[in-house]
Amino acid sequence: MREIRRRDFLKILGATAAGAALQDLDILWAVPDRMVEEALRGPGIETFKNTVCQLCPAGCGIRVRLIDGVPVHIDGNPMHPINHGGICPHGAAGLDFLYHPDRIRQPLIRSGERGSGKWDPLSWEEALAKVSQRLAELRRAGTPEQVAFVVPEKRGLLADMISRFMEAFGSRNLLAIDEGQNDFVPFELLFGWKAIPEYDIEHTRFLLSIGADFLDDGVSPLHGIRGYSKMRESDTGGRGRLTFVDSRHSLTAASADTFLPIKPGTHGAFALGVAYVIIKERYYDTAFVDRHVDGFESWVDESGARHRGFKEYVLENFYPERVARIVGVSARKIVDVGRDFGRLRPALAMSGRHGSNGTNGLFNALCVEALNVLVGNIERKGGLRVQRATPYESMPPVEADDIARRGLQKPAVFEDADDRYPLYADATLAFCDHIESSTPYAVDTLFIHGCNPAFDHPYAKRLRRALAKIPFIVSFATMADESSEYADVILPEHAYLERWMDSGSTPGVRFAHASVGQPVVKPFYDTRQAGDVLIDLAKGVGGSVARAFSDTSFFTALQNKLNGIFASGEGAVISGSFEEAWIKFLKERGWQNLVYESFEDFWRVLVERGGWWDPASDEIPVEKVLQTKSSKITFVLEPLMAKAAGGAQQSAEDRLNAWGIRESGDAAFLPHFEEPRFEGDQKEYPYHLVVFGLLSNRRGTGSFSPLLQEMFGYYQRVYSGSWIEINPHTAHNHHIEQGDMVRVSSALGSVSARAVLSEMLEPGTIAIPFGMGHTSGGRYAKGVGVNPYEILSEVSDTLCGKPAKLATRVKIQKSERIG
Amino acid sequence: MRQESKTRLQQSLFKNMISASLFLVMTMVMPLLVSLCPAPLHAEPPSDWLPSEPLKGRIVFEEKHCTRCHSIAGTGGDIGPDLAESYFDGTFLDLASIFWNHVPDMVVEYKRANLAWPQFSDEEVAHVISYLYYLRYLGAPGDVSRGQDYLKTKGCFSCHSVGGEPGGRRGPALDRLKMYASPIYVVQAIWNHGPEMQAMMNSMGIARPKFTGQEIADIGAYIRAVSKWTMRESVYLSPGDPNDGKVVFARKRCDACHSVHGVGGATGPSMDDVDLSMSATGIAAIMWNHGAEMLSTMREERIKWPTFDGKEMADLIAYLYFIRFIDEPGNAPRGQALFETKQCVSCHSIGGVGGSVGPDLSMRLSTRHSGISVLTKMINHAAKMSEEVLSQGERWPVLTGQEMRDIFAYLVATGEESSSE
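As they're listed, the protein sequences go chains A and B. The first sequence stops at residue 819 when you use my numbering, and every number in between is there. The second sequence stops at residue 1240 when you use my numbering, and every number in between is there.
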């Protein structure tokens, strides 16, 4: 292994190194000797391999350029239907992760205190034996439930395998910790959908984004950008317009025709103001609403009691002048937006993370989505489109043995037994509470894969306390990070360019799709595919756990899973943008695009191209797409009503109060506006803290790459560091100027960074980007910038317990002038 | 591409399509071909080459920016014709000649769009031409209302019912066919129990219904629209593979009665004489329509009634469809005349007689080339050739498929004479 300057290495290969010229970066890459030799003496033959980016959940297809088998560049896969050849900065910097000089190179066992960074190497046999022995002991003791597994989300084959492992082992403690886990909830409440649908941006004429910074921090930003650019093309039925409503001027705001800055957490009120105009001026689709919506009109129940519907609630409460006072935007502008939304069809409203990251986040999202319902923009071109299922082959059911069955009867450690949140409780806080209190039982062993909860979760502080309580932690990290610092054993996974992988069912994407990632290079180090490690551990544990894995490797499991697609004959291996029309052409005539005589033939092409999709999924009538009990869109939140009525000791009113719901009567169970709550004394902490994400550093892993660090604040012209956005009026009051060092303090702590003055930021707001401030993560990430999560209050959405990242009050203070 | 079909493609098809090489030979690109095209040339009559994956050309069609000017069923550019509506007819070289003749227009459009002239591999040329030829085979979507009319007028309701409508009960209800999205499945279903159906119709005194063109697709669409079958599963069919269809043709003993290129029985009409340039359902209709005669002849000949499973019928129909795709040999004397009338001789010489702008073609041809390679290089260098034609004030030499075949035959003959001397 040789450490070599990135620029020099690429020059040897004749590949461009221009990307390093942002500043005089001296990036070191650790390159295997064989590759350096190849670079020096190879014939210079260029090849490309398609695979899948794994640096965020968006599921983009990527194309790796190789010279003599040495990866030198990453670009978007032009055939891939998610990103159509586009690539974000994070994806483009993937080689920094492959060649990172601080990658973990073999299994490690901790030799010092947690966090001391002292490790001893050990062989895979020793490491697997140590872990499986501990697991086997827990099963022998009849306490399999004491094992827990933390993953970012439950998508993909590896997540399927982990779920299977846990079921066969006898534990329900598989926790998906990504903060977006509950983002589907508003759609389930209104439509019965358990996945985030697609906003068909491409075909809409008027896009009203209320808190959705979809160009920078969307679920799948490149998919959103693609739709946005198509919407802006004049040849798709008229150039679509974008109005963006939020409390911070983001990349989406900068791209919008109109940006309306509102007070933090008032997104729902703005949406209801728009709804008022639509209803009052009868822009809503009466036929659609009459046929498909429950709870719009007021009604009388069987007992003769009269109930207020959504229409009455809105007309009584959300006239523009009142909304203007709540949100801080003039009534005139609210009326204009309402008329545009009602007049321009199809018009599409988007709810998003900034709107849903407050204590009233779920209600805000419901109010925004109600706009789509009013104009009947459901399962229509340019509207909300439900995600189609991918025809994977399922694994056979797990045959749990007695030990596993007993373990599975125990509650999960993250279950919200206290009923603190009435709907879909976010598991993370309960997880922390119960780990710390060892209730209902102590967790002995924790596996962490694919995430860094000690850094990238808004409750990172709490999670660190919980991790410290767990006796034995196993990490699959490829590089040391804040969470793996707590590990006792590290079973390092291959870098993503070295392994087989899959991706599919990307949230916010309508068509069925599945991506396959192939190894682009042989593994550099003594690392393994996590799926293979899981199989080895299962064998080591024995019993029903071993029997649950008939596949000999992750690779064979992957082939088996995708055999379902081959057998279905649906869709097509990806090939290009013309494909959608072509598949429809065939399907209308009863043909399928399958021309593969065998699975091997299909597999070869699938791997070569990087994925499969079915753009021509059957059109589904609205009544069939709705999966609520009544097969109607429901404005009456029945699950909340049932929970409120279910308290043995408390009245419904008391329970609503306990959950922090201030609205009462029928309105409490409608999509309505709840005043946001903020943590911190208003006098001492007068400003609202907005934490926002950036495309260049999603999940905070961008900091591992020096290139991404360099461009972290590219559009604010801040390089290699964090910054604090302040409205100039606010800054003036504190004698702060552009570039000054500013300390931002909450009741939980403080962080300091340079000030960036932004006219477009709401004056009562302070904004800090997430992504930097690592205390671990290798030579490039550690000690650069600040992590705003460190000063976030532990406040949650009142309904689902989702971390309320926008509910912390802060104060600011000039600390030091830079330059 | 599978190795087998790749080999087939390289060794069989285009060695027989070398007549397409003629025009290239007549131009200045010939020297390049000498070094780039090592595969041998055989002046055999058209062989049995058939494209094994005709739809693969769709990807080439997109990658080479054909969609910028041409649409397929409304998707794509509108500078050129919609190729799903302007179906191509004729042989491979007929299509190649259409492609060749519109090169000057293509050159202009590529320059306007600031696109680099596309470069094709041999396989890509084969795929894209096969693909365009195949579009007609894929047919048109069925029309529900017409389908209902056909079921009534053809007397189908005498024996069958569908969608709860009143109908006969002698035959099964057709609702179950809903799951089969391809009308070929409908044909397959009635074909496979053709003898029983015929016996039933005979006993009832019902005339065997005859179908034409799109009618079967329309009937399939109607069944799918009104069926009471509740399962949501849809079974689609892969478009047929003509190579597999050829195997089916022999295995089902079709060749006992029908000949192809002079090989096979004479009881039934030769497939060379039947115009099958129509959709798969159209060909299926023809098969069905002569089923009664077939049945009695087969009984006399003691041949078992052929049944089809899986995609055998689609394959067979694809094979029948592609029979006309194969070129016949050209006429060398006509080719010699064309060589002069098309002004080839003003640039190229044969045996030292002719122009010197381009190379002597008889000498070049004696080195022997694969036809597909020649055609590919011809297309790849067409932009450069177009410039030359423009600067010399010449007209683009338009060629029909037959002219390509004839001139090729002439050049092959000349080349053989040269090598024998």
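Some hints could be false.
Said to hold, decoys possible - Subject to a maximum C-alpha distance of 27 Å in a straight line, what follows is the list of computed DSS-like cross-link-like pairs (lysine-lysine):
#1 A/LYS584 x B/LYS883
#2 A/LYS632 x B/LYS1047
#3 A/LYS624 x B/LYS883
#4 A/LYS624 x A/LYS410
#5 A/LYS584 x A/LYS683
#6 A/LYS584 x B/LYS1047
#7 A/LYS632 x A/LYS381
Since the hints were made in silico from the structure, they are not lab data.
A quick look at each hint next to the structure:
1. A/LYS584 x B/LYS883: Given pair A/LYS584, B/LYS883 holds - Cα atoms ~21 Å apart, limit 27 Å.
2. A/LYS632 x B/LYS1047: 24 Å, holds
3. A/LYS624 x B/LYS883: 41 Å, violated
4. A/LYS624 x A/LYS410: Distance of about 37 Å is beyond 27 Å: violated.
5. A/LYS584 x A/LYS683: Outside the cut-off at roughly 61 Å; violated.
6. A/LYS584 x B/LYS1047: Holds: A/LYS584 and B/LYS1047 sit about 24 Å apart, inside 27 Å.
7. A/LYS632 x A/LYS381: OK: A/LYS632 and A/LYS381 at ~20 Å, within 27 Å.
Hint violations for this structure: numbers 3, 4 and 5, all remaining hints satisfied.
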